[in-house]
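J.: Chain by chain, the residues run as shown.
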Amino acid sequence: MTNVTPTVDNGVNVEALVGAREALTEMPAAAQFTWRATCNWVNGTHSQTSINGFFGLGEEQSRETTFTIDADHPEVFASEDKGATPVELVLTGLASCLTAGVASVAQYRGIQLRSVKAILEGEMDLQGILGIESDARNGFDAIRVTFEIDADASEEDLKALVAQSQKRSAVFDIITNPTNVFVEVK
Amino acid sequence: MKKTTTVIIGAGQAGLAMSRCLTRRSIDHVVLERGEVANSWRTERWDSLRLLTPNWQSRLPDYTYEGDDPDGYMNMAEVVRFLDRYAQVTAAPVQAKTRVLNVTPVDDGRSGYQVVTDQGTWRCRTLVIATGACNIASVPRIAGNLTGHVQSLTPMQYRNPGQLEEGGVLVVGASATGVQLAKEIHESGRPVTLAVGEHVRAPRTYRGRDIKWWMDAAGILDLSWREVDDIGRARNVPSLQLVGSAERATLDLNALGDLGVRLAGRLAGIHEGKAQFSGSLGNVCALADLKMNRLLESIDQWAAEAGFDDVPDVSPTPIRFDATRVPERPDLGLDLKDNIRTVLWATGYRPDYSWLNVPVLDRRGRLRHDAGVVDAPGMYVLGLPFLRRRKSSLIDGAGDDARDLSDHLAGYLSDWRMAA
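The listed protein sequences correspond, in order, to chains A and B.
Residues in the first sequence are numbered consecutively from 1, following the numbering used here.
Residues in the second sequence are numbered consecutively from 1, following the numbering used here.
Chain A with its partners taken away, still in its complex shape:
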């Protein structure tokens, strides 16, 4: 299935990804990563998270840029709307992960992309968070993702692309499967 046509360029370095896969197969310890985020409360429901270092390939890694992400709640929640809501950032994580996957798999399969748009909707019953209805969960009841893709490929090939992207997606796994979360106070 290696079908890398040199004319296809989605800006993904497939050779490097395949190389990394081979290297990490030989050295499973190097495949152990820890991702980090540090969040500071600003005011009200507004907080700011900064992201830089992570651990991987057997050592501490750092970036030249520290990314910052503001999160808040909209005015209908009596908040100041200084940033996207945390649940929208969860949708962002899923969207970006699936979209990156689509680009990578497309490159690997020799499919030239012209545009990819993912539209996400997360359905939520607020009676959960507000403690009105104990049967309603806090989180999403369902998440719906719609991809609009313009590319040189059949409808079947595009469906396969999106399916494979979900199969290999970290955030799709995080959202669809339970994860132990340990929170402590120091």
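Simulated from the structure, these hints should not be mistaken for laboratory data.
Values in this document were obtained by computation on a predicted structure and should not be read as measured data.
Heads up, some of the hints might be wrong.
[Unchecked claim] Straight-line distance between alpha carbons at most 25 Å, and here's what the computed PhoX-like set of lysine-lysine pairs gives:
1. B:Lys2 / B:Lys97
2. B:Lys291 / A:Lys159
3. B:Lys291 / A:Lys167
4. A:Lys117 / A:Lys167
The hints should help you fit chain B onto chain A, whose structure is shown.
T.: Frame of chain A; chain B shown alone:
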């Protein structure tokens, strides 16, 4: 100590096919068998099981099915008779009721191997492992979280629905084993929930012929390990969702859904008496539908090229099946205490090499081998999935693999004689 040139461990289809190939070359050998010929088929399968391949496809070196039902599927008693007769007509030197306890290398294998059994010790120059791919039922670690009243069972222990308590059953895994057991247990009046991970969907018959006929005729089953990009992945592909039955019925998730089996996502956890299912059911079904359509497309293409669009018993036009019907909101959790009496782990099988004291296992306990040539002098393995070709784990694949590997083995012996 008894001496022979080659010890074959296991008298199933693979061991017997290798024995036949070695006999043809006059290579002195013995086949050590812990029980009787076809022991796993005799003792480790559920009552209703039939082969997934039609009778005509049971072909071994110098031996083939000659009964009057070429399109039927053998039950276990018939498989045992079939292999018993093969051992007889080939005069295979089987030493039954001989369990191998320990294999150690002599001079790192360069001088052969010592094979300790409960019936004495053998010394051999070359060794063929034909003990099969399904010695141990693989059960995920989360099975350990099951509590109290729920009975936990593997397909190795399961024989028929009658041995299960009345009440709900959670079948984990939707490959051939899982879908077959889900059907018969549900039909016994025990409501089944089926946890579905990645699976391979296939119709039993396509355009009037058995899917295995098409896969054989179109060369799909003969695909060589050399032609596959990622052989590690190919060797892990689960079995096709198939059943051998008189009706030649398709047993996919739509058929199970119509019977009333509840479909859930992959079992992701067991926590405080609750089963947790993945929210990925839609995607694993989409992947399986797409993959099935690619298989059917390659069959259609081959059929057109080979002139099969114009054969009386073959439907002239391609057929596409309904997409898998996934519940609108699949269950993400199931309270085991109220709903489930038995969990059946149809989560795959793995080989047992606990008797093999030769450093040839990788960190996951798998044999290190190159298409059956094990990473130790003069050692071979047969009967593993996609060992040398897609059909390697089928009865029909044992012959070609045994022919190839007996070539290699004979070459190894003659090199060694030249050096000596």
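J.: Each hint should be assessed against the structure and marked as holding or not.
T.: Hint-by-hint comparison with the structure:
At roughly 17 Å between alpha-carbon atoms, Lys2 of chain B and Lys97 of chain B fall within 25 Å of each other, so this suggested pair holds. With a C-alpha separation of about 11 Å, the suggested pairing of Lys291 of chain B with Lys159 of chain A holds against the 25 Å cut-off. For the proposed pair Lys291 of chain B and Lys167 of chain A, the alpha carbon gap of about 13 Å is at most 25 Å, so the pair holds. Only pairs whose Cα atoms come within 25 Å are accepted, and Lys117 of chain A paired with Lys167 of chain A is accepted, the gap being roughly 19 Å.
Against the hints set out earlier in the document, no violation occurs for any number.
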